[in-house]
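Participant: So the chains spell out like this:
Protein chains: 4
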Amino acid sequence: MARTTKKEAILEAALALFAEKGVDAATTREIAERAGTSEGNLYRHFDGKDDLARTLFETTARRFADVLETEARDEDDPRARLDTLIRGVFTFAEDHPAAFSFLLASHPSHIPKDRDLRLGPYPMRLFVETIVRGVAQGAFRPVDPVLATGWIVAMAQRAVLLARMGLLADDRERITQETVEASRRLLAADPVGPGGQQPDDR
Amino acid sequence: MARTTKKEAILEAALALFAEKGVDAATTREIAERAGTSEGNLYRHFDGKDDLARTLFETTARRFADVLETEARDEDDPRARLDTLIRGVFTFAEDHPAAFSFLLASHPSHIPKDRDLRLGPYPMRLFVETIVRGVAQGAFRPVDPVLATGWIVAMAQRAVLLARMGLLADDRERITQETVEASRRLLAADPVGPGGQQPDDR
Amino acid sequence: MARTTKKEAILEAALALFAEKGVDAATTREIAERAGTSEGNLYRHFDGKDDLARTLFETTARRFADVLETEARDEDDPRARLDTLIRGVFTFAEDHPAAFSFLLASHPSHIPKDRDLRLGPYPMRLFVETIVRGVAQGAFRPVDPVLATGWIVAMAQRAVLLARMGLLADDRERITQETVEASRRLLAADPVGPGGQQPDDR
Amino acid sequence: MARTTKKEAILEAALALFAEKGVDAATTREIAERAGTSEGNLYRHFDGKDDLARTLFETTARRFADVLETEARDEDDPRARLDTLIRGVFTFAEDHPAAFSFLLASHPSHIPKDRDLRLGPYPMRLFVETIVRGVAQGAFRPVDPVLATGWIVAMAQRAVLLARMGLLADDRERITQETVEASRRLLAADPVGPGGQQPDDR
DNA sequence: CATGAATGAGTTTTCATTCAT
DNA sequence: AATGAATGAAAACTCATTCAT
Numbered sequence: 001m002a003r004t005t006k007k008e009a010i011l012e013a014a015l016a017l018f019a020e021k022g023v024d025a026a027t028t029r030e031i032a033e034r035a036g037t038s039e040g041n042l043y044r045h046f047d048g049k050d051d052l053a054r055t056l057f058e059t060t061a062r063r064f065a066d067v068l069e070t071e072a073r074d075e076d077d078p079r080a081r082l083d084t085l086i087r088g089v090f091t092f093a094e095d096h097p098a099a100f101s102f103l104l105a106s107h108p109s110h111i112p113k114d115r116d117l118r119l120g121p122y123p124m125r126l127f128v129e130t131i132v133r134g135v136a137q138g139a140f141r142p143v144d145p146v147l148a149t150g151w152i153v154a155m156a157q158r159a160v161l162l163a164r165m166g167l168l169a170d171d172r173e174r175i176t177q178e179t180v181e182a183s184r185r186l187l188a189a190d191p192v193g194p195g196g197q198q199p200d201d202r
Numbered sequence: 001m002a003r004t005t006k007k008e009a010i011l012e013a014a015l016a017l018f019a020e021k022g023v024d025a026a027t028t029r030e031i032a033e034r035a036g037t038s039e040g041n042l043y044r045h046f047d048g049k050d051d052l053a054r055t056l057f058e059t060t061a062r063r064f065a066d067v068l069e070t071e072a073r074d075e076d077d078p079r080a081r082l083d084t085l086i087r088g089v090f091t092f093a094e095d096h097p098a099a100f101s102f103l104l105a106s107h108p109s110h111i112p113k114d115r116d117l118r119l120g121p122y123p124m125r126l127f128v129e130t131i132v133r134g135v136a137q138g139a140f141r142p143v144d145p146v147l148a149t150g151w152i153v154a155m156a157q158r159a160v161l162l163a164r165m166g167l168l169a170d171d172r173e174r175i176t177q178e179t180v181e182a183s184r185r186l187l188a189a190d191p192v193g194p195g196g197q198q199p200d201d202r
Numbered sequence: 001m002a003r004t005t006k007k008e009a010i011l012e013a014a015l016a017l018f019a020e021k022g023v024d025a026a027t028t029r030e031i032a033e034r035a036g037t038s039e040g041n042l043y044r045h046f047d048g049k050d051d052l053a054r055t056l057f058e059t060t061a062r063r064f065a066d067v068l069e070t071e072a073r074d075e076d077d078p079r080a081r082l083d084t085l086i087r088g089v090f091t092f093a094e095d096h097p098a099a100f101s102f103l104l105a106s107h108p109s110h111i112p113k114d115r116d117l118r119l120g121p122y123p124m125r126l127f128v129e130t131i132v133r134g135v136a137q138g139a140f141r142p143v144d145p146v147l148a149t150g151w152i153v154a155m156a157q158r159a160v161l162l163a164r165m166g167l168l169a170d171d172r173e174r175i176t177q178e179t180v181e182a183s184r185r186l187l188a189a190d191p192v193g194p195g196g197q198q199p200d201d202r
Numbered sequence: 001m002a003r004t005t006k007k008e009a010i011l012e013a014a015l016a017l018f019a020e021k022g023v024d025a026a027t028t029r030e031i032a033e034r035a036g037t038s039e040g041n042l043y044r045h046f047d048g049k050d051d052l053a054r055t056l057f058e059t060t061a062r063r064f065a066d067v068l069e070t071e072a073r074d075e076d077d078p079r080a081r082l083d084t085l086i087r088g089v090f091t092f093a094e095d096h097p098a099a100f101s102f103l104l105a106s107h108p109s110h111i112p113k114d115r116d117l118r119l120g121p122y123p124m125r126l127f128v129e130t131i132v133r134g135v136a137q138g139a140f141r142p143v144d145p146v147l148a149t150g151w152i153v154a155m156a157q158r159a160v161l162l163a164r165m166g167l168l169a170d171d172r173e174r175i176t177q178e179t180v181e182a183s184r185r186l187l188a189a190d191p192v193g194p195g196g197q198q199p200d201d202r
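Those sequence lines, one after another, are chains A, S, P and U. Going letter by letter, the first sequence gives residues 1 to 202 in our numbering. Going letter by letter, the second sequence gives residues 1 to 202 in our numbering. Going letter by letter, the third sequence gives residues 1 to 202 in our numbering. Going letter by letter, the fourth sequence gives residues 1 to 202 in our numbering.
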């Protein structure tokens, strides 16, 4: 308590409740209660519930991006960098479970239009850039980098979700490894000479 | 009156609105209005909004599973069968866009607990079974079939989402092909000989 | 079923529900359901819920009066007659529990104004007349007959209520006797000279 | 605002309306209106209409008991004490007419189960205790004290009711006296020798 | 800053009654 | 007669937001 200001307490409470039951289902009263303050005070710090949600979306997405960026900072090789980014998703999900749920669970209609990519542009962008570079360098096979990013991020998110639901036998580290490995296979440049595996429309 | 009973009209209206704005944000009044009936009548047919959501989740998930099952009925080879299932996701998304959105967008807390897999057990199960068989036959590399199903379904869903948002340059057929191809790579059995990719080299 | 017409079934169902939860809380739907018919049909036989309640109040009050009248028909002596009337209340309460509850539980504001006496004028009148006669003959001490009727009827009703609630140790017959005895004491003419009315001369 | 808080205003308005038309027939809107506040505010202070009714039942029953207790505090002799308690019923009915009506009119199904005695255990208990003591001391004839309490309380209530309806010629004081006198006769120990009055089991 | 009572515009829900069949 | 879908009006209840203190 000592350190955390009321404003932070409100943000924290709101994030937890938004993650748990969705923005619509969470009431300002609950939020205030959980934050140990009054409803009125919530309005001193924020413009309202929507503002709270928007603020949280922004800061959460940015924090997510920061985690990824920090972890991947040193990696230069696209393959290694991508691995790290994926691991970052799992790390973030573990370290900030409410934030992770909130980002995932927000109904599309709640998400600000210009950062539509479900996870916000910030985190996505790092993936996209890495893949673009990897393709250019021949480290990855040629694919639409946005599509590939979508695949990989979705895979990681779903893996977290399934793990949380207790539907996976393996432990988190193993699941992370598997998912990293899977993404490698997804993007691996085809071996041998030219004429490799076109997506070969069957 | 005509052919479609009011009950069906209500279901249809609710599905559209739930998909568009989420269960919480859709009001019973809107639903009734859109269904061309009275709010009271809605309560004659359903126990309330939650019941409506539950019913829709169930029937929609089942319809999804039926589409997949029908399309994959003739395929026996796990690889071909998996391809078909993935294509089925895209087909369903195109043919029943509201149902698809609704299944995706439902907040986890709205989803009946025992069919938690986001898409309900019905559709998921078909994937899991196919992968289990494929692994047994050596057609796929050994992976946790639930995890692999999660990956693949999530990839397909995200691809649909990105396409809907207009973030992908390719047309739908091409995106479908790409996603099918990606899943093949994900599960491809390793080339017998030594030097195979262990998932955990790192 | 065979014999009882739907109309009777409706009356019976309504009486039971009115007694159980009150007129307001009972819904026409419940009534129809319990009567094994449809809501619409209820409106063929009655003008609505209020009409049903009014009809039931009337017939039930009359039936009550009939029971009392029948039992007391042969008694001519005011004392004996009053005893019999009181016993009649207990008899009616036992034979027609729903009717009895309904008559008691109706909120004053539901009771037709001109038969205000809680049990309707019919049953009350028999008591009043008997007491008037008893007073005139010197069998009872001089009291306001309406007030005395109120006392006695209220006593009997309360006794039934307490018995139903299981708050009384004695059996029904004993409670009846006690209440009859109590009413005798209430009205016993004072012993004037010697040889006066012991409360229990009978 | 003034002195009386809104919460009290709500309780007061609800009590008046509940007494007048019954709990079911009174609407939250009316209550709020009459209390000079908004419906929403009613729900800030109470969980709903039922909670309001429950609260009122409790506080009203307790206030009733308090009145009785206060008035009877100094009386030690069972007979005098019982007289005072009966007078207390009339006093309470006059001073708190709405509370009195509400206690009487509540449909049994609204009454909390463990204080079923129509007037709540609180007021009843004082009567029961007094009668038990009086019987033990030989001041009253032997009767089931709960039954006797029922009789007497019911008599007093009915007397008030009849008076309110204008069906009694006498004034309130006279009616009170008569009812007190009646209760004395009800419980008077039989004179003379042993082998006193059995209720003459016929 | 902070509180929590108060508001009002909504929402969900109920139900007596009507109506097409 | 009978059904049960449909209605509309009103009920209970919710909740983001404001306001006096």
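Be careful, since some hints might not be right.
The list treats identical chains as one, so a pair stands whether inside a single copy or across any two.
Calculated pairs, EDC-like style, for lysine to aspartate or glutamate (alpha carbon to alpha carbon, straight line, at most 20 angstroms) [as the list claims (entries may be wrong)]: (1) K6 - E69; (2) K7 - E181; (3) K7 - D77; (4) K7 - D47; (5) K49 - D83; (6) K21 - D51; (7) K7 - D74.
Source of the hints: derived by calculation from the structure; they are not laboratory data.
Participant: Quick check: which numbered hints come out false for this structure?
Facilitator: Numbers 1, 2, 3, 5, 7, in rising order.
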